[in-house]
Amino acid sequence: MKKLNFFLLVVFLLFSGHLYSQVEDPYIDRAVYNPRTFVPMIYSPDAVVTIGDYDNFNIGTDFAEVWVAGNPRNPKEFAGAWNNTSSAYGVRTWITKNGYDWTNYNPTWGATMWGDPVTAYDSLGNLFVDNMYGPSSIQGTRIAKTSDGGTTWMVVNGNTGNDKNWIAADQTTGPYANYIYGVMTPGNVKR
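Per my numbering, residue 7 is the first one in the sequence shown, and the count goes up by one each step.
No wet-lab data here; the hints were simulated from the structure.
A portion of the hints provided could be inaccurate.
Once the Cα atoms are required to be at most 30 Å apart in a straight line, the calculated DSS-like pairs of lysine-lysine come out as [claimed, not checked]: (1) K170 / K151; (2) K151 / K196; (3) K103 / K151; (4) K82 / K151.
Pair ranges (Cβ atoms, derived) [unchecked claim]: (5) P181 / P141: 32 to 42 Å; (6) D169 / Y106: 31 to 41 Å; (7) Y33 / T157: 32 to 42 Å; (8) T178 / V17: 51 to 61 Å.
As the structure is a computational prediction, the values presented were derived from the model and not from experiment.
Note that beta-carbon positions come from the ideal geometry of N, C-alpha and C, so glycine has one too.
Please work from the sequences and hints to get the whole structure.
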């Protein structure tokens, strides 16, 4: 009888830990599920709206996937890019050199572009834009580089793959300083 009681006690203690984990604990940070929460649809007006010195505007598409990178050599220079399959470029690249005025600069890709643009600056201030390409389906990426703020571009083949791409620049002073790293589904990596 003692062995049976001991066994039942051990089983009870094992399962009680799982039951306790379901209790709401204010010291554990987690999202609370509320099925009745209503999330309103986000509306963006067609005009630029300034609220507290910040501009909000509609960029014209709901699948934009915007990415913005900052130049480490010039804190007022940024480059942003987003999908725009209605253009021959498949991407819109906008650059500001003073933090206020944005100008559209698009590289000549030399291929049919599919979007998912990503931007990165290296530590020297060179801007790189990565964009998917392929004649009838996505085959990989092309990378455009500008050293003069978007006036001239050099385009090279980047990675191979079939979906989401990404690039990053090594902005350190280490042995791989200013290397550009690219990844793309299904797991291809280029340096």
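For each hint, the structure was consulted:
1. K170 / K151: holds, 20 Å
2. K151 / K196: Distance ~16 Å between K151 and K196 Cα, so the pair holds.
3. K103 / K151: Holds. K103 to K151 sits at ~16 Å (cutoff 30 Å).
4. K82 / K151: Holds - the C-alpha atoms of K151 and K82 are around 19 Å apart, at most 30 Å.
5. P181 / P141: 32 to 42 Å: holds, 38 Å
6. D169 / Y106: 31 to 41 Å: Since D169 and Y106 have Cβ atoms about 35 Å apart, the given range 31 to 41 Å holds.
7. Y33 / T157: 32 to 42 Å: Violated, at about 56 Å.
8. T178 / V17: 51 to 61 Å: holds, 55 Å
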